[in-house]
Amino acid sequence: MKKYILLLAFITSTISFAQTITSKQEDANAAQYALLQKVNEFYPDITLSKTVTNYYADGKIIDSQQEFKLKGTKFSSYKIGIEPDNKKVLFEYVSDENGKVYGDVSLFKGSVLRTTFTEKTGEVEVSLNGKAVYQTKI
Numbered sequence: 000m001k002k003y004i005l006l007l008a009f010i011t012s013t014i015s016f017a018q019t020i021t022s023k024q025e026d027a028n029a030a031q032y033a034l035l036q037k038v039n040e041f042y043p044d045i046t047l048s049k050t051v052t053n054y055y056a057d058g059k060i061i062d063s064q065q066e067f068k069l070k071g072t073k074f075s076s077y078k079i080g081i082e083p084d085n086k087k088v089l090f091e092y093v094s095d096e097n098g099k100v101y102g103d104v105s106l107f108k109g110s111v112l113r114t115t116f117t118e119k120t121g122e123v124e125v126s127l128n129g130k131a132v133y134q135t136k137i
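First residue of the sequence shown: 0, per numbering that gives the first Met the number 0; consecutive thereafter.
The set of hints was computed from the structure by calculation and includes no laboratory data.
Model, not experiment: these values are computed from the prediction.
Note that beta-carbon positions come from the ideal geometry of N, C-alpha and C, so glycine has one too.
There could be a bad hint or two in this list.
[As the list claims (entries may be wrong)] 30 Å max Cα-Cα, derived DSSO-like pairs, lysine-lysine:
{"no.": "1", "residue 1": "59", "residue 2": "37"}
{"no.": "2", "residue 1": "70", "residue 2": "49"}
{"no.": "3", "residue 1": "37", "residue 2": "87"}
{"no.": "4", "residue 1": "73", "residue 2": "99"}
{"no.": "5", "residue 1": "49", "residue 2": "108"}
{"no.": "6", "residue 1": "136", "residue 2": "99"}
{"no.": "7", "residue 1": "68", "residue 2": "130"}
{"no.": "8", "residue 1": "136", "residue 2": "78"}
{"no.": "9", "residue 1": "119", "residue 2": "73"}
{"no.": "10", "residue 1": "119", "residue 2": "68"}
{"no.": "11", "residue 1": "37", "residue 2": "108"}
[As the list claims (entries may be wrong)] Simulated restraints, written as ranges between beta carbons of each label pair:
{"no.": "12", "residue 1": "114", "residue 2": "33", "range": "19 to 27 Å"}
{"no.": "13", "residue 1": "46", "residue 2": "86", "range": "13 to 21 Å"}
{"no.": "14", "residue 1": "121", "residue 2": "19", "range": "40 to 48 Å"}
{"no.": "15", "residue 1": "58", "residue 2": "131", "range": "35 to 43 Å"}
{"no.": "16", "residue 1": "123", "residue 2": "47", "range": "20 to 28 Å"}
{"no.": "17", "residue 1": "56", "residue 2": "119", "range": "29 to 37 Å"}
{"no.": "18", "residue 1": "119", "residue 2": "19", "range": "37 to 45 Å"}
{"no.": "19", "residue 1": "52", "residue 2": "135", "range": "30 to 38 Å"}
{"no.": "20", "residue 1": "107", "residue 2": "46", "range": "18 to 26 Å"}
{"no.": "21", "residue 1": "131", "residue 2": "23", "range": "32 to 40 Å"}
{"no.": "22", "residue 1": "133", "residue 2": "19", "range": "37 to 45 Å"}
{"no.": "23", "residue 1": "70", "residue 2": "134", "range": "26 to 34 Å"}
Produce the entire structure from the sequences given, and follow the hints as far as they go.
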C-alpha cells in the first residue's frame, strides 16, 4: 500500500509542475538587440538580425534563437541563441571550410569575451573585445 501512495504522490506532483512552453517569432526586444549589436561590433561573424524566436514558459522568456536562410551561403548550419539574462550569445555554425565551430560571447564588466571551439582543427580561442588573448590546440 505504501508503494501505491508514493507512486500516486509522485504522479500528482509531476503533473502540478508541468509548464506550457510556447514560441513566438518577433522583433528582438531592446535588451536583446543591444546585446547583438555589441557582440556584432567586435565579432562580425555573429550575424545581427532584428528577428528572434522567443520561447516562453509561464510568460517569461526562457530561450531565444535566431534562424537564418542558408541557401547561397557557405554554411550548412548556422545557429545563434540568446540567454534569458541578455548577457550571453551562444553560436554554432558548420561549413565545409571550417567544420563545426561553436562557443559563446559574454558581456562582462563592459567587455565582450568570446570563447570559440573549432572541432576540425582542435583549436580553442579566447578573445577579448575582438582580439585573441589565448589560443591553443588540443
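Here is how each hint holds up against the structure:
1. As the CA atoms of residue 59 and residue 37 are separated by approximately 24 Å, the hinted pair is consistent with the 30 Å bound.
2. For the suggested pair residue 70 and residue 49, the alpha carbons sit about 19 Å apart, so the restraint of at most 30 Å is met.
3. Of the pairs offered as hints, the one joining residue 37 and residue 87 holds, with about 11 Å between alpha carbons and a cut-off of 30 Å not exceeded.
4. This hinted pair checks out: residue 73 and residue 99 have alpha carbons roughly 12 Å apart, not beyond 30 Å.
5. Restraint check for residue 49 and residue 108: satisfied, since their Cα atoms lie roughly 25 Å apart, inside the 30 Å limit.
6. Straight-line distance between C-alpha atoms of residue 136 and residue 99 comes to about 15 Å, which keeps the hinted pair within the 30 Å bound.
7. Of the pairs offered as hints, the one joining residue 68 and residue 130 holds, with about 29 Å between alpha carbons and a cut-off of 30 Å not exceeded.
8. Between residue 136 and residue 78 the CA atoms are separated by roughly 24 Å; this keeps the pair inside 30 Å, and the hint holds.
9. At roughly 16 Å between alpha-carbon atoms, residue 119 and residue 73 fall within 30 Å of each other, so this suggested pair holds.
10. For the hint linking residue 119 to residue 68, the alpha-carbon distance of about 24 Å falls within 30 Å, and the restraint holds.
11. Taking the CA atoms of residue 37 and residue 108, the gap is about 13 Å. The hint holds against a cut of 30 Å.
12. For residue 114 and residue 33, the hinted distance range of 19 to 27 Å is satisfied, since their beta carbons lie about 21 Å from each other.
13. With their beta carbons about 19 Å apart, residue 46 and residue 86 fall inside the hinted range of 13 to 21 Å.
14. Distance hint check: the CB atoms of residue 121 and residue 19 are about 42 Å apart, consistent with the given range 40 to 48 Å.
15. Separated by about 41 Å at the C-beta atoms, residue 58 and residue 131 satisfy the suggested range of 35 to 43 Å.
16. About 25 Å separates the C-beta atoms of residue 123 and residue 47, a value consistent with the hinted range of 20 to 28 Å.
17. Our hint of 29 to 37 Å for residue 56 and residue 119 holds, since their Cβ atoms are close to 36 Å apart.
18. For residue 119 and residue 19, the Cβ-Cβ distance of about 40 Å falls inside the hinted range of 37 to 45 Å, so the restraint holds.
19. The beta-carbon spacing between residue 52 and residue 135, approximately 35 Å, falls within the hinted interval of 30 to 38 Å.
20. Taken as a hint, the range 18 to 26 Å holds for the pair residue 107 and residue 46, whose Cβ atoms sit roughly 22 Å apart.
21. The supplied range of 32 to 40 Å is met by residue 131 and residue 23, whose beta-carbon atoms lie about 37 Å from each other.
22. The hint said 37 to 45 Å for the Cβ distance between residue 133 and residue 19, and at roughly 43 Å that hint holds.
23. Restraint check, residue 70 to residue 134: a C-beta distance of roughly 33 Å satisfies the suggested window 26 to 34 Å.
Violated hints for the displayed structure: none, as all numbered hints are satisfied.
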